[in-house]
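**Student:** Spelled out, the chains give:
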Amino acid sequence: MTEKRETSKGFTKTESGKRLTRMLTDDYMNLHRGAGEGAFVVWVAIIVPVEIFRGFDNVVFAVPESHAALSAAKGVGMLQCEKAESSGYSMDICSYARIDIGTAMSGGKDSPTFGLPRPHLLVSNNNNCSLLVKWFDVYHREWSVPHFIIDVPFCYERQKDRDRAYIVAQYRDLIRTIEAMTGQKWDAGRTREAVHNSSEAARQYKRFIDCAVSRPSGITAFDSFVQMAPLLTSRGSPELASHFRMLADETEVRMKSGLFPVPGERYRLFWDNIAPWHQLRKMSTRLADLDANIIAASYTSCVGSVEGSYEFLQDYDDGDPLEALARMQNFSVCPYGMELRFEAMSWAARHYGIDGFVFASNRSCKVYSIMQMDLQKRVAGTLGIPSVMIDVDHADVRKYSEENAFVRMEALLESIDAVRSRKGA
Amino acid sequence: MFVSKLSDSIRQLKQKGFRVVGCFPLYPTVELLHSLGVIPIVLWDLKDQVRSLEESDCHIQGFACSVARRLAGFVLSDEGALLDGILMYNACDTLRNMPEIIQLGLEEKGRDLPLFRIHVPMAPRDQTGSDDYFAAGIRELVRGIESAFDVRFSPERFLESVKLYNAMRSLAVELEALAAAGRVSYGLFSRVIRDGYFLPVEEQILALEEAVRQASSVKARDDDGRGIIVTGILPPPEAVCAALEHAGLRVVGNDVASQARSYGRPAAETGDPVACYSDFYRNHMPCTTLLYTSDGRVRAIHDLIRERNARGLVFIGEKFCDCEYLEMPFIGKTLSALDVPDLQLEIAADDADNVESLRTRIEAFAELL
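Sequences listed follow chains H and L, in order. Counting in my numbering, the first sequence runs from 1 upward without gaps. Counting in my numbering, the second sequence runs from 426 upward without gaps.
So that you can see chain H by itself, here it is in the shape it has in the complex (with noise of 0.2 Å):
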């Protein structure tokens, strides 16, 4: 292992840390370059199934979503989000939105990846949230752009057949919408390799994010969080799936070597929430100088999954790609109800080996988190795990104060101890 660590413990920029850099500057400055070349650029919502665009010649996506996240992460989604601001949009819409929207009217400045090109179609789906629906339909109105709606019946149980149907005639009304508007045919077989590369980057994925279960875990959340970003921007090619297979690989050499984010490990913590993207690094370094490690999240966990469970689904056996796409619509974690998340939630438990929870009560996303405090409750009377619940925006820092966040991660280590005492006596 010749690899040389270069950042304090709790969060390691690793070889794959650099690849991934390298493949998320190639997808904004591909995309940006095929739509200059005159590609039909559609945005999407973070679920939407990309995979049937790479079965066009030349179709592109942007992930805002995806943008808006990596803004937070470099620190600017405060100033987008108060442009957005200055527009009228309330300081109570999701930050996401308003980064996105901030970012959109100023015509991409400030942005770290200058912006994302001019949509020609919009795609969304209200399974995930709702609320993505109302903010490309901003962008349908404000530039007359085309706005296609997946429609996703909600899971408060498993997937119907009959939804399933229902998800895949959108699917084809979704590709007879972009053959009408661009004059290019839709080739299957290009989708259906797309989704045997989606298939295998989850499989890759799982491995990484199974580099947990080890004690000390081989990786924090925040690891897996940064890691997301091409799940979005990549998903479908052969790229991503290589990316995984050596991030796992890479991973599970360090593991061997007796690298580990945090090496007294006392405390494994799982993380119930989008990630808090202007704190990565803080949050990390913090935890790991009081032997505490977030080694799991609710939000990462679920790639690859459905029915709000972390396990990874299937490899893809190669059918109807429209259907294996519909069976993954709902893959995430929004699209489930209480019990689903409840039961993927005590799997990790198990799993993972965990000894809190930490739900971060996001007011930005309230389709995360309206349900959380019964959640909860679910974790202490059920699985008798303590946990605590703190205040956090995903991408707003002004709604985030680090000090009482701290208070009350600190209490739950106190937390954890006693029931060891109690345990142990």
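Worth flagging that the hints you see were computed from the coordinates, not collected in a lab. The beta-carbon is built from N, C-alpha and C at its ideal position, and this holds for glycine as well. A hint or two may mislead.
[Claimed, not checked] Between beta-carbon pairs, the in silico distance windows are:
1. H:Arg162 x L:Ser572: 11 to 21 Å
2. L:Cys483 x H:Glu37: 51 to 61 Å
3. H:Glu323 x L:Glu571: 27 to 37 Å
4. L:Glu599 x H:Pro146: 34 to 44 Å
5. L:Leu763 x H:Val145: 17 to 27 Å
6. L:Cys483 x H:Glu82: 29 to 39 Å
[What the hints assert, rightly or not] Negatives, chain L to chain H, calculated, CB over 10 Å:
7. Ser477
8. Leu507
9. Pro549
10. Val598
11. Ala602
12. Ser641
13. Arg690
14. Pro691
15. Arg736
Dock chain L against chain H, hints included.
**Tutor:** Same frame as chain H, but now just chain L:
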């Protein structure tokens, strides 16, 4: 907990032997429930009905809208225990979490309620055919209600129920016109409409008929009341209505979700609930919560302003209602282009009586007009 009309109404209905189902959000399948002998009560605009949020604060963070917090507060209260079931359809991100929050809260109290759900397709109607999908959902809903209450659906009774609700809608339109003419205050009009949601439709009709009769006997105002349109997911609190009128503004039309958006268009008069509700939702008045309709809202507001000769628009912003707050900047921009001023007010959960800070803005807006 302070509970008024709503719990009184449910208690009286229960004493008469009726089964009562609480419905949310705004546009539930009330005719269907009614035709099956179950009284639907729309649990919306509960600000004067549920004054304490203590119960919901055990389940929901303070950054949820007051609609969700009061809904949970009511259903989990002792008065809520009088309900025989809950019916809901998909709307916003907050409300979709409510069924399980309510169910868990009820479990904690050792209570249980049948829950009926229906998914209203939100894809634009010219985009994807959703009729078959929706029809299956309606049939499932009918079977669910039949099974829960041991009742049988009848097309004839359904048609009768549709006609009754349409009669109620027609009277609401009539009363709105009287309010626009200044023959009944907008505050009183809003109260009559809101309280009607807590009554069986037959009583709602009687209340509206009485309100129309009384208002019709009042002479139309011949002042030059500055006409405004009010828009929002909820009507203004009574104190805001009073402040608007005190400032010399007259509400000549509304685009309020629980008012004109609810009664503005009759349901198709048929005995087939699939045909009725397909038409009902497809051709609904534009509403921010019905994603596929909201494109039409800008035009609907412009038309209303022109038809009613309104001089301005007042937006009643329900704090934390993302749907509304993402639409208003664009609507405001289009109004500016038409030289129609707008005033955006924000009402939070505890602001119903605390309107002094808004009064100055309302007065300044009235002077501007």
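**Student:** Decide, hint by hint, whether the structure agrees.
**Tutor:** Hints, verified against the model:
no., hint, result
1, H:Arg162 x L:Ser572: 11 to 21 Å, "19 Å, holds"
2, L:Cys483 x H:Glu37: 51 to 61 Å, "57 Å, holds"
3, H:Glu323 x L:Glu571: 27 to 37 Å, "33 Å, holds"
4, L:Glu599 x H:Pro146: 34 to 44 Å, "40 Å, holds"
5, L:Leu763 x H:Val145: 17 to 27 Å, "23 Å, holds"
6, L:Cys483 x H:Glu82: 29 to 39 Å, "35 Å, holds"
7, Ser477, "17 Å, holds"
8, Leu507, "23 Å, holds"
9, Pro549, "6 Å, violated"
10, Val598, "28 Å, holds"
11, Ala602, "31 Å, holds"
12, Ser641, "41 Å, holds"
13, Arg690, "22 Å, holds"
14, Pro691, "26 Å, holds"
15, Arg736, "21 Å, holds"
Against the hints set out earlier in the document, a violation occurs for number 9 only.
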